[in-house]
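A.B. asks: Spelled out from the first residue to the last, the chains are:
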Amino acid sequence: MATILVNGKKREVQAPTDTPLLYVLRNDLELSGPQFGCGLAQCGVCSVLLDGKEVRSCITPLSAVRDKEVTTLEGLGTRWAKQKGLTAEQAAKTLHPVQQAWIDEQAPQCGFCQNGMMIKATELLERNASPSLAEIKEAFTSGVSPHLCRCGTYTAIIQAVQLAATQMMGKREVL
Amino acid sequence: MIAHQKRTTKAPTDVFGASLSRRGFVKSGGALLVGFGVFKIDAQESAPGVGGNSMNAALPQSWIEIHADNTILMRVGKPDFGTSSVFTAYRQIVAEELSVPFEAITTVVSGDTDRTPDGSGAFDFLGGGMPNCRKAAAYVHQALLDLASQKVGVPKDKLSVKDGMVSGGGKTVSYGELVKNQKLNLTIPVRGELTSMFGLTVVGDPPLKPVSEYTVIGKSFTNSVTVSKVTAKETWVTDVRLPGMLHGRMVHPKTLGSKLISVGALDKARFPNTRVVVKGNLVGVVAPTEWEAIKAAQQVASGTTWTEWRGLPGTARLFQFLKEDADWKTTPIDTSKKSSGDVSPALANSAKKFSATYQRPFLKHAPIGPAVAVGDVHPDGTVYVYTHTQNPQALRSAIAHMLSSSVDKVVVRSFAGPGHYGRSNGGNAGSEDEAVILSQAVGKPVRVQWMRQEDFQWSTQSAAALSDVHIGLDAQGNVTAYQIDHYMPAMQDDRLVGAILAGLPTIPAPNEKESLFGLRNGVSDPWVYDGVPAVLERGHGTAQIGQHSSAINVGLRDHSLRTPVQYQQNFPRELAITEAARLAGKDPLQFRIQHAREKRLIAALETVRDATKWKPRSEPPKTENGERRGQGVSALYRGGTYWACVANVAVDMNSGRVKVEKMTIAVDPGIVVNPLQLKRQVEGGTVMGVSMTLFEELLFDESGVVSSDWRSYPIATMADLPEINVVLINRPEVGKYGQGSEAANALAASAISGAFLDATGKAARRLPLKPEYVQGLLKS
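As they're listed, the protein sequences go chains A and B.
Be aware that the first sequence starts at 1, since it is given in this note's numbering, and climbs by one per residue.
Be aware that the second sequence starts at 1, since it is given in this note's numbering, and climbs by one per residue.
Hints listed in this document are in silico derivations from the structure and should not be mistaken for laboratory results.
Only a predicted model underlies this, so the values are computations on that prediction, with no experimental measurement involved.
Hints are not guaranteed to be accurate.
Here are the simulated lysine-lysine pairs, DSBU-like style, with alpha carbons at most 35 Å apart [stated by the list, open to error]:
| hint | chain 1 | residue 1 | chain 2 | residue 2 |
| --- | --- | --- | --- | --- |
| 1 | A | K137 | B | K662 |
| 2 | B | K622 | B | K353 |
| 3 | B | K659 | A | K137 |
| 4 | A | K68 | A | K9 |
| 5 | A | K93 | B | K219 |
| 6 | A | K68 | B | K659 |
| 7 | B | K233 | A | K93 |
Let's have the full structure, built from the sequences with the hints guiding it.
C.D. replies: Structure below.
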């Protein structure tokens with residue numbers, strides 16, 4: 001049993017502390033953003049932000065996330081609203097610019113991997129507001145493993161990251 | 001249920017073979033529902049088999065509903081797998097035939113066996129330009145015109161329709177007003193078998209909207225499902241949670257031919273709430289939580305013993321096995337329709353000749369998420385399956401067969417999930433049957449999630465193949481004779497693997513007498529070089545490798561993967577054509593144009609030539625910074641669409657690493673339905689093609705599949721992404737929309753290998769182009 005902070009809310013969970021965070025998020029908290037892809041930290045579909053850093057929830061035990069903030073795909077809008085100081089009313093109808101760009105660019109095919117792609121994009125754009133093409137490719141292929149897309153949507157993902165970057169720099173209002 | 005005419009209140013109106021009837025009046029609302037009448041019942045099929053689609057009579061079995069508020073609902077048996085065709089192209093096609101705005105179709109229901117009418121699967125969405133939804137909409141349009149004609153007192157041919165408003169004789173009436181306060185039913189003619197692989201087909205010839213009047217088809221509409229997927233509001237197959245649902249994990253056999261000797265004892269102290277289920281050679285555990293199920297399955301597996309089996313040639317000996325050991329004599333040879341002329345004398349008399357053998361390895365579909373499904377067997381024998389399959393009705397039939405039950409007792413609901421690329425187009429995605437077996441055993445809903453390793457080792461693969469090519473040239477460098485013999489094991493094994501293990505009924509393994517596709521290796525890459533006078537194309541088939549010697553009749557099971565069979569056949573043909581051009585001293589792109597006669601193909605080749613500023617090579621490639629660059633071209637015709645592709649590659653002459661720098665693809669499908677979605681589909685298919693060409697090869701030993709994860713079965717990452725330029729060629733004058741996305745993966749292999757030849761002078765006749773293989777070629 002543990003208390004964890006997920007998307008800005010404290011949640012008590014009964015699961016044994018060796019349970020991978022992914023199963024806690026999906027089964028105990030009924031979040032649907034992170035997906036099970038490999039259980040081996042080789043694909044990235046299970047990614048979440050842990051204190052703003054992208055981690056693979058399939059190999060992160062529940063015990064490792066105490067005292068840290070977990071952000072899932074569900075929490076990206078709130079995260080953005082908080083960063084921009086939006087009101088609660090505004091926040092409720094806000095998508096994170098990354099999510100909006102994913103829609104505008106029609107990035108997903110099957111979409112199963114896109115949770116991890118959007119989490120990685122958010123992590124990247126929070127530390128590098130205007131990444132180059134090489135920096136985008138580096139972000140999605142370095143770390144514990146590359147983020148894999150079997151449908152081959154990498155071109156659309158890059159275009160969506162670039163669009164999100166311009167939106168996050170305030171060139172376009174996102175509400 | 002089939003709409004029975006006896007329930008009508010007056011004689012039905014004939015609508016080009018469909019039947020429009022008024023079933024009553026209602027105080028508010030009103031609708032025109034479209035059901036189906038069976039046009040022709042197959043000999044073995046009983047009427048209840050078709051009519052028994054709906055478990056719940058309250059759910060109308062209807063293709064298209066026109067509502068009084070001018071909204072429209074459509075139902076499609078095919079589930080969408082992410083290419084968006086159900087939610088974009090199909091909506092556009094229905095809106096177009098009805099002459100309503102795209103947005104007027106407010107609801108699209110797809111893929112559930114109790115909520116959709118026609119069956120079939122996620123493949124061939126545009127159906128040669130005539131998907132069911134197009135004809136269904138055309139019938140509805142005519143019925144609405146009949147209603148309007150009665151309402152405004154103007155003959156049908158004097159009416160016009162725009163944005164769902166019918167005008168004539170100075171009056172205007174909306175579709176909604178035509179159906180208001182009425183219960184109308186349109187029965188349209190169909191044929192086929194609902195729960196077969198191909199489902200029902202709408203027949204008859206309702207008038208279709210002239211292409212010149214199109215306003216919706218040809219525009220880039222977005223996919224409505226993208227929003228829910230991107231905002232974590234989609235209910236994925238992975239999110240299905242039923243009351244009392246338990247988590248299952250399988251303990252699969254040690255090899256692809258093993259039988260169970262003994263089941264490991266469950267450590268009840270560690271897993272007090274877990275149950276072990278054993279049925280024949282099927283072993284699974286069921287637990288209240290997923291983590292307990294995973295750990296318990298590992299613990300049970302460690303003590304479970306299996307018989308040994310060594311019936312596979314292993315990756316290293318695969319092509320020797322195919323060449324020397326496999327039986328190609330029993331299965332009838334398929335000869336292509338395009339075969340013509342007398343090849344033997346033409347080859348014998350040619351000025352220059354060339355012969356070569358080409359090899360493609362086994363590939364995995366490799367969905368990014370492993371198979372998962374929930375089975376729920378009720379005490380009364382009804383079965384619900386919650387899954388992610390390309391063909392829900394075919395799965396429904398397979399589950400009913402497994403349980404020796406009837407399809408009326410089985411409902412399959414489909415949800416969003418990882419792409420399958422053909423793996424489940426004949427019904428099962430992997431774990432549905434096991435979920436049903438475990439649910440039946442424990443009396444509760446059970447969710448079975450395969451682990452990554454199981455998905456590689458227990459799913460089907462795309463078959464390996466080899467091809468022998470002979471080409472003859474005359475003194476001027478024209479191809480005078482072309483002969484190709486393709487060899488490939490059978491490739492559509494839709495058996496339920498859990499049913500096989502449990503000893504329950506399932507369809508037979510692919511065989512020549514009983515199965516849908518038999519063992520034949522059909523020539524599936526339509527010949528496009530009509531200027532060649534003598535052509536012989538033959539396909540040779542055999543049984544799946546290891547299946548007959550496997551004690552459980554499994555072995556390496558194969559299944560269609562994007563551009564199935566044609567992928568296996570286009571690579572040898574197109575690389576051989578490039579090699580023939582080289583032998584003739586000709587530019588490979590011009591060489592293709594020279595031998596082609598079809599103007600659309602020539603135009604596609606010219607499009608990629610111009611888009612890449614292709615120049616015939618005037619001097620040998622030079623090594624710069626250890627690299628050599630080359631350009632390659634390929635062409636393909638599939639399902640009404642002409643394709644041409646140019647690849648630009650760089651080869652590291654020391655390490656043997658091949659980098660694809662740019663891919664340019666021209667697509668001529670006739671009418672482009674949705675430019676944005678087609679472009680995205682082609683980009684994706686191209687990346688998959690690059691991945692298959694450079695990296696992908698199933699590794700197996702004598703007992704089973706060795707590839708178990710993304711390290712042992714690597715696929716392309718963003719670092720491998722080339723620049724991709726997709727050029728769409730829209731041809732309204734063709735009057736049809738051809739197939740879209742999947743062929744891009746096939747073109748890539750042949751164009752990239754052509755570019756490799758251009759850069760290095762070496763023909764890489766085996767895939768994938770891994771550095772070790774390339775290094776060996778460069779040294780040869």
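A.B. asks: Check each numbered hint from earlier against the structure, then list the numbers of those it violates in ascending order.
C.D. replies: 6
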